[in-house]
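Colleague: Take these sequences, add in the hints, and give me the full structure.
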Amino acid sequence: MSGGLWKGTRLTYVALLLAGVMSVFPIYWMFVVATRSSDAMGQVPPPITPGGNLPGNLDRLFANADARFITGMINSAIVAGCVTVSVVFFSSLAGFAFAKLRFRGSNALLLVIIATMMVPTQLGVIPLYMLMTDLGWNDRLQAVIVPGLVTGFGVFMMRQYASQAVSNELIEAARVDGCSTFRVFRSVVAPALRPAAAVLGLLTFMTTWNDFLWPYAVLNDPENPTVQLSLRALSNGYYQDMSQVFTGTAIATLPLLVVFIIFGRQIIGGIMEGAVKA
Amino acid sequence: MATSLELRTQPGTPVKHRRPGPPRRPRLSHVDVKYSPYLYIAPFFVLFAVFGAYPLVYTFWVSLHEWDLLAQEHPFVGLANYSALMSDSDFWNSVYNTLGIFVISTVPQLLLALWLANLLNRQLRARTFFRMGVLIPNITSTAAVAIVFGQLFSRDFGLINWALGLVGVGPIDWNASKLGSWIAISTMVDWRWTGYNALIFLAAMQAIPRDLYESASIDGARPARQFWSITVPMLRPTIIFCVIISTIGGLQLFTEPLLFNSGTNSIRGGPLRESQTMTMYMFENAFAPNYNFGYGAAVAWMLFALIVVVAIVNVLIIRRAARSS
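So the sequences go chain by chain: Y and C.
Those letters in the first sequence? Residues 2 to 279, per my numbering, in order.
Those letters in the second sequence? Residues 932 to 1256, per my numbering, in order.
Simulated from the structure, these hints should not be mistaken for lab results.
Mixed in with the good hints, there may be bad ones.
[Unchecked claim] Ranges between beta-carbon positions, derived for each pair:
| # | chain 1 | residue 1 | chain 2 | residue 2 | range |
| --- | --- | --- | --- | --- | --- |
| 1 | C | Ile1249 | Y | Arg141 | 40 to 48 angstroms |
| 2 | Y | Gly57 | C | Ile1249 | 49 to 57 angstroms |
| 3 | C | Gly1194 | Y | Val22 | 43 to 51 angstroms |
Everything numeric in this text was worked out from a predicted model, so none of it was measured.
From the three backbone atoms N, C-alpha and C, an ideal C-beta is built for every residue, glycine too.
Modeller: As structure tokens, this is what we get:
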């Protein structure tokens, strides 16, 4: 092999291994501190193996009235769950329409969707906050859920996938059999979209679970945080119990880590595929 | 694009007779085919109109007013908020910080990603393992990253100062200086995003026809030369894409600097605003402690203007660089 695909030399492996260690170490360190007492921070040299303090750290974390960590976890699960289901459903439906149905203005409308992906979210935070105040949604979870129910990214991704993964003949046959377009979507298209829908769902869940800025703006009631706001409350205290803080960050990261270990291959495939076609 | 649905059953065509029984409500089916696509794409447009486009435009309207959250009246003041911004040294400080952090994070990030992608593009054992390795930082939340790195960069007990101490560099107070906090924040950003960009570059590299490399190596071009004269030029669209995406992201930094600074000064980016970004300044003005929506909205529009300008400048630079190489 020559050129861009020349054989991996030993140096390549060393460099990649080093990059891998740099990538993983902060996460590993987070888990180490989560299982130790706060003294671990000051030790020289720093400990790099897990200790036995996890149960105590968990107790303090769950009892911490400032952080409301359990409420935060539950709230984040609700928010990310609702957003994920909705994004996958509406994006698949719209993606199907753009890829397989003919209607006036479809190309222009698709362009509008792509353009919306370029708009910085920060720009609308102030009026969005005012809007939520008018609706009486401040401090309530629907303020975080509703604006995220369908995304331009999702529609575009499902459209790309649907145009190549769903056969026209199959749709045609279903139409001939008298299916309505929605029935075509449900019985023919949706099953074919499943792999892409899974990746979109995973990416959406992660992004929503990890979101900080908008919940920070709109959920001001410390009684009702998302998990990222709980982490903020934990780490912003006057007295910082670092092992407790790291236990919080570790637990908040754990669900995503599990998802990543199980579905990592699909997630990587989704990111790379999206990139080539974008 | 599919033409299939145009070929749908015409009255009297033999196709229809394949179905037993009478045709099911052809009128409705016609309406269905013609108008239901709009129904399917409507959720996006309705949501975007209400929660995306409207806030965007309304931000500009708000920025033309003296808009105190607690006041009953919101008098129109024209461009007064903008002209006040022009002579507001805290605002310019936030612009300076935003650009500084953006440059020292994005440039190494994209170069490193390009290099990593080149490594990952070789024939490797355990390919998936390495790809997952470089992507793993991206699944961690920005808040968690900021908290963990804030500790790694702490003055007294931070691992980074400890490691620097091993090679004889004295403890650095990362929080207390502009450059120190910029470096710490850029490290967080780079750690989280380098692998993601590397995968995007990798995807584009794999789409480059292999015979280009074969003929180049027949001509005697060494790998490094091949990288700069084939890979990089062929990747130009992808590089531009990544530059724009990281420009939009990098100029909007908020969570990392906010959480890197704890206590009452966090929204100010430290006691002397060492690492306050424009988004933080927008928050400081629009929400607690100032509650001046008009002024905050003006900051938001200046941020948007900056993003557009920087994105254009970036694309021009890349175009020129690619042409000259």
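Colleague: Each hint: holds or not?
Modeller: Here's how the hints hold up against the structure:
1. Ile1249/C to Arg141/Y: 40 to 48 angstroms: holds, 44 angstroms
2. Gly57/Y to Ile1249/C: 49 to 57 angstroms: holds, 53 angstroms
3. Gly1194/C to Val22/Y: 43 to 51 angstroms: violated, 33 angstroms
In terms of the numbered hints stated before, the structure departs from hint 3 and from no other.
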